[in-house]
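With these hints in hand, go ahead and build the complete structure from the sequences.
In the numbering used here, the protein residues as written are 195 to 280.
Hints listed in this document are in silico derivations from the structure and should not be mistaken for laboratory results.
Each residue gets a CB set at the ideal place from its N, CA and C atoms; glycine is no exception.
Heads up, a few of these hints could be off.
Beta-carbon label-pair distances, calculated as ranges [unchecked claim]:
hint: 1; residue 1: Tyr271; residue 2: Phe215; range: 50 to 60 Å
hint: 2; residue 1: Val208; residue 2: Ile270; range: 11 to 21 Å
hint: 3; residue 1: Ile207; residue 2: Thr228; range: 53 to 63 Å
hint: 4; residue 1: Asp242; residue 2: Ile204; range: 33 to 43 Å
hint: 5; residue 1: Leu275; residue 2: Asp224; range: 29 to 39 Å
hint: 6; residue 1: Val201; residue 2: Arg241; range: 36 to 46 Å
hint: 7; residue 1: Lys247; residue 2: Val201; range: 22 to 32 Å
hint: 8; residue 1: Ile204; residue 2: Trp274; range: 10 to 20 Å
hint: 9; residue 1: Thr222; residue 2: Asp277; range: 38 to 48 Å
hint: 10; residue 1: Asn229; residue 2: Ile200; range: 45 to 55 Å
hint: 11; residue 1: Thr228; residue 2: Leu273; range: 52 to 62 Å
hint: 12; residue 1: Glu237; residue 2: Ala263; range: 34 to 44 Å
hint: 13; residue 1: Arg241; residue 2: Ile204; range: 31 to 41 Å
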Amino acid sequence: MSWLRIVLFISPIVLWLACLFFAMRVFTPDTYQTNLSSPDLAEQFHRDLVRYKHKNLKRAHKALLAGFAFMLAAVIYYLWLLDGPA
195 MSWLRIVLFI SPIVLWLACL FFAMRVFTPD TYQTNLSSPD LAEQFHRDLV
245 RYKHKNLKRA HKALLAGFAF MLAAVIYYLW LLDGPA
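In structure tokens, the structure reads:
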């Protein structure tokens, strides 16, 4: 039972760190090699890059929401413990 408590209280931190990791993969500047003389290849590269960044932002969003859900559960559990289990 104590390992469940550990998971409950540690999981929001882990999920928020995962959220930061995915968000940093989107916002960290990087140099990309593309063929600017071919508009079709440049457009396809841009679409692939936008798809990659959008996927990482969605992952960060899901991790953030899951972290908030676990934090809410941890707070409710902590307040229940303060009152004393019946």
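Quiz item: Can you list which hints this structure breaks, lowest number first?
Solution: Checked against the structure, the hints that fail are numbers 1, 3 and 5, while the rest are satisfied.
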